[in-house]
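Undergrad: Going down the list, the protein sequences come from chains D and G.
By this note's numbering, the letter at position 246 of the first sequence is numbered 246, and the numbering carries on one by one without gaps.
By this note's numbering, the letter at position 430 of the second sequence is numbered 430, and the numbering carries on one by one without gaps.
Do not take every clue at face value.
Just so you have them, the derived chain G footprint on chain D, three or more residues with Cβ under 8 Å [what the hints assert, rightly or not]:
| no. | segment |
| --- | --- |
| 1 | 42-50 |
| 2 | 68-75 |
| 3 | 96-104 |
| 4 | 226-233 |
| 5 | 348-355 |
| 6 | 364-376 |
Since the hints were made in silico from the structure, they are not lab data.
Don't be surprised by glycine CBs; every beta carbon is placed ideally from N, CA and C.
So you can see what is in the structure, the chains are spelled out below.
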Amino acid sequence: MKKVLYRHLFSKVLGFSLLLFSVSFYAQEEASADAAAGGDPVKGKQLFNQNCAACHALDRKMTGPALANVESRLSEDEGLDKEWLYTWIKNSPGMIKAGDAYANKIYAEYNQAAMTAFPTLSDQDIDDILAYTAAPPPAPVVTAATATTDGTGASEGGISNEMILGALALVFGLLVIMLILVNNTLRRIAEANGVDLEKDKAEKGLPIWKAFVKNQFLVLVSAIFLLLASGYFAYGWMMQVGVDQGYAPVQPIHYSHKIHAGDNKIECKYCHSSARVSKTSGIPSLNVCMNCHKSIYEYKGNPEGPSAEDLANGYTNEFYTSEIKKLYKAVGWDEEEQRYTGESQPVQWVRVHNLPDFAYFNHSQHVSVAGIECQTCHGPVEEMEVVEQFAPLTMGWCINCHRETNVKMEGNEYYAAIHAELSKKYGVQELTAAMMGGLECGKCHY
Amino acid sequence: MASNKKYWKSEAELNPNDSIVETLRQNEFMEQIPVDEFLGDKENLSATTTNRRDFLKYVGFSTAAATVAACEGPVHKSIPYVVQPDNIVPGVANYYATTIADGFDFASILVKTREGRPIKIENNTDAKVNGSANARVQASVLSLYDSKRVQGPSQGGNPIDWKILDANVKAKLGNLKGSNRQIVLLTQTYASPSTDKLIAEFKAEYGDNVNHVVYDAISEDAALNAFEAAYSERALADYNFEKADLIVSFGADFLGDWQGGGYDSGYAKGRVPNHGKMSKHVQLEANMSLTGANADKRYPMTPTQQKIALAKLYSKLNGSNLGGGTSDVDAAVESVAAQIRKAGSKAVVVTGLNDIHAQTVVLAINKLLASEAFDAESPKYVRQGDSAKVNKLVTDMNAGRVGILIMDGVNPAYSLPNASEFIEGLGKVDVSVSFSFNNDETAQSSQFVAAASHYLESWGDAEFKKGQYSLTQPAIRELFDTRQIQTALLNWLGKDQSYYEYIKENWNTSLLQGGDWNQALQDGVFVPTAAEEETAAESVAESTEGDEAESIAPISAAVNSLVNSTSSGTELVLYSKVGMGDGKQANNPWLQEFPDPISRVSWDNYVTVSKADAENLELENYNVADGGLNGSYINLTVDGTVLNKVPVIIQPGQAPGTVGLSFGYGREAGMKAEMATGVNAFALYKNFSDVQSVSLEKASGDHEFACVQLHKTLMGRGDIIKETSLEIFNTKDHHEWNPMPHVSLNHQEIPVTSPDADLWEEFDRSIGHHFNLSIDLNACTGCGACVIACHAENNVPVVGKEEIRKSRDMHWLRIDRYYSSEETFEQDNEKKDGLEGLFGDQGTLGGLGQMEDASANPQVAFQPVMCQHCNHAPCETVCPVAATSHGRQGQNQMAYNRCVGTRYCANNCPYKVRRFNWFLYYDNDEFDFNMNNDLGKMVINPDVNVRSRGVMEKCSMCIQMTQKTILDAKRDGREVKDGEFQTACSAACSSGAMVFGDINDEHSKIAELKEDDRMYHLLEHVGTKPNVFYHVKVRNTNEA
């Protein structure tokens, strides 16, 4: 408790000092940027993220060029003023058509991908954005600082734990030595007093195991008990053969469901779209990944930086970023040129959920028709850094759910007549899958 | 009680000095046991350091290791697309409309693809012409995955690049341009407007010496020539049998491959009694064909007799009489003529005689009758071969007049009677290029083999019938480095255009006439609206014209020639089988294993002989102890060509004095050894005439057939096939011709369907779906498309000839064929009922024995039998592990993973529809068919299990399809519409014989059919209450 408190205190102090430093730096920058562009970089950042970030970054080429200091660069290199930028942003296709030289050059350079026109942006908005591109608020410095502090804090905690353990071990060792010494002293005193210790032992009679062997009833009972117990455990062990609950293989790309489905709250069926219409949930094809990862080229993590646990596993921001690079390699995405090379290597994922071939399972039946949450069978995937098999996927498990789960019939024309008749037959309002014939062999085995 | 008696085993033992006795006393065996023979090299064995203990250690370790390893599941990889195509969702099938036009089969079809793999062929119900896939078309999807395909171009057997082939051909074409040596395109019938245009352009480019020879392996030359003479267009008249009340066929197997086939759905529609009326079908033929088997009245006649009968019929209809012929023929002609007169324009006459005179006369008769079923205005283009040109080509080749020969879709080195002459001529051609699918006979003797694409990998268009267009689109990219000839021609013409662009351009400019290309491609068929009106107007105009006077002179000559036709000796009638056709797909195991609808023999062709002739020649068929059918061999000699050791099937209904032999077998080149079956009948196909004078000679030895039906006749068992005549059907109550069997309860007769007669408690099936399958024996022609469709849908394995012979066939759906032992089935019943005593002709033993023999001209009935899905299933009660159980929806379900293979269920099944997996049929070199290689496995339907060894399997009533239909409805939140539920067989059935649906839906077709008077269950008296029901077969035996 003390240690933790201390660590917090330490990080606070460090963080505060860095903050002070950066704020003063920030203040200076802000002043100079304001002077240069007359825009508000904070507002500009917001606008930039809303309108531009899908295709532009500050410091690297994406669908469009890097925009850091774009205003000064244009005026210095090309001799184009702010007015040109206003027109370009508000109506770039018009400029291309009109035959503006630089506009056409840019258009050709970026694979003739026309920039969306933003006629709704006011000149002030554009000023704000340009202010931001000229001098971005240096927030990342702060996160970096926290990251370092966190890092040191964690390592410090590690050492202290070891020290506590070491001290405890030392105390125990001393205790043991003391006990031995006391024992020896007592023994010596006894010898000196002429007490015979061995004699007492001999008089004790039969050892307990011999007594046990002699008692045949006890032997019988324990033999039966042992057999039953071993039978029970053998049965349990054999029944789990082929049941891979908890199976969490290492995947060729470390894809974190926790980050995607948990932190970023991406809906499961956004990527596993075929679960809605097909028997397979479908492993998303790599072009689905690229919908987002075309612009998300690095992992920045949460503002506080990776947790101690993540760090212990090696899940640093650099690690995740390198996994994104693996995706680029597989899909054949050239980051520099911002285009596909056409050299792709399909990713060989390791299948986690393996149903045997003779069992037919249809995702759309469960997901679309029954409206079952993915988590019912797959567990809290949004919390899983590495996906593991949550359910046993045994027949008993399937059957059990079919027995207990009521079929969602409201609003589905298909069930209207069947529901009326079946509920009359069974005298219930809610019908389980079993009542609908969901336990018949042929429904899943053909 | 010791005895001093000495027992001895041989005299030698009594001799104390015998060394053998001494040895035997010491050792158990005279000689040392040849241990090294079964343990390998003795020296090696003694030299090894592994002793017995080590060996046991190894065994123990490996057993333990295997056990431990088995506890851990294998690692499965899942590899998604990098870029998933928009229209593919894994696990959901896509359908594409396309067209097969392989020169023999022409049909508009749908292709079912899964994850980009074509896995099944289905009928295109939008198509008005040839919209149904026959057994061969159904099976053609497997030919796509033929492991013996040519996988790239080659020159003299060495793989080359297409560029080299192109360069060689282009250079040669350039040389020949303007010279007097021929550039020959020898091709199949395309019936393709775009290909015709392309070839015309090719001709325009390379001059007059370009010669396009169209070659049909099985020629329809006579019909084409006759039609050309009468209507000045090289085409075939079309027939709509639905409109006919009377169909008279002189040897035309129009339910088979006659003139390109595709007539069965129209025919079947007219065959179902509707308001007391159905068409009547009279067949005069030599071989027992599928068509003859469906006829109401069948006259077995030799081709010569048919010609005479046809001539007489013509003159009778014209009011004159002709002499000649026998009294049998006269009687038949008399009867037929009377019926035709009565039917008038509702009658139609067709002929399959490959004789221009016969064809001319038939055209004249139909014109005379103004037959409604006859359509000469918009003829069919599915056969265009010109045998005279082919003959001339062979002569030209041998004379060195051909500079380059480009072949596509043909295999003349196999299918020409003078194949050796052709091959010789091929050697004298400067450059020969063969577009081949397999490394077949022609490919092997050509300089260049251009690997041809399968039609499922190709673009194309077709015009089966005038004004009826259809499109071929690829359902998969070329699996190998292959090309279709049109692509190559475009290349050789120097056009920088793909064939797709070429077709699209051609359609947009000339065919579509404002229609939408994408719509046409989606539908697979296209009929220009303008053309539709035009032809209708035309037909009205022309039918009123009538210019008979003009055509009388050639016809009288034709009639005279027909009536004077004579035969010398036995006539051999060559025909094509439903399963094999012209042999293009001989390497297709599904088709090889497909039992012929008539003979029920698979994996063979054979000579069909009438019983009378067989007795004369001392030929026999007999069943051996294991149930296999054996038959004698025969040598056939036609004009000096001999076919040795051809097996014989004694065929009831074969006209005496004729023998039959089917085409398509006897291919060897480019085939798997297992598929090289039968003999090549093309060797006897002299002058492209399917009737040949033949001399027969019995050969030694017996042939082992793989025949799936042991009993030929029905033997009066009226509870299997119920049938009646149209007269009785119209006049009497259905209790008379479709009686419900009764059983005795407390000496009271009660219907077997009564609950009192039931052993089981009835299960409530009134809620939800309850599936039934209806099979109309009147509409079923026995074509077998359903058998192959079932194969494809349900991953039914191919087991091979040996296993079939052991009755281990795996067909989930079989089509039983029954003959009557008397003239009719009715006489069978009477005879059976009249049996008395034990011996003699009227006795049970003697009488029944006689009934096992089919009559010389029997009635025939077809009955598709699959699992009957009994509500009270005998199989379910006996399964010790409850692997087979009943579903509420009426399906008898089979859980393969639960089955332990006791086969008790199969023994208890009264319908014998359960099939046992005696072996592992996939990944097994012993069964080297499609499931033994990665390519062939691509056809497997991923929604159905591939069964393993030791498991019972059977028809599931396509539960995967019904479940999918239900799920689709659930997902859309709607009720299932009538007609949505289908099984593979009902979907494949173009004749409408099989109808599937939910009988709990009162408004459905199936519910209506179930209430029909003709409805009966197979073996009703057993009380199994099947969910498959049949409709009584009604024969139109009314004489005029």
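Undergrad: So, for every hint listed, does it hold in this structure?
TA: Tested hints:
| no. | hint | verdict |
| --- | --- | --- |
| 1 | 42-50 | violated (count 0) |
| 2 | 68-75 | violated (count 0) |
| 3 | 96-104 | violated (count 0) |
| 4 | 226-233 | violated (count 0) |
| 5 | 348-355 | holds (count 5) |
| 6 | 364-376 | holds (count 4) |
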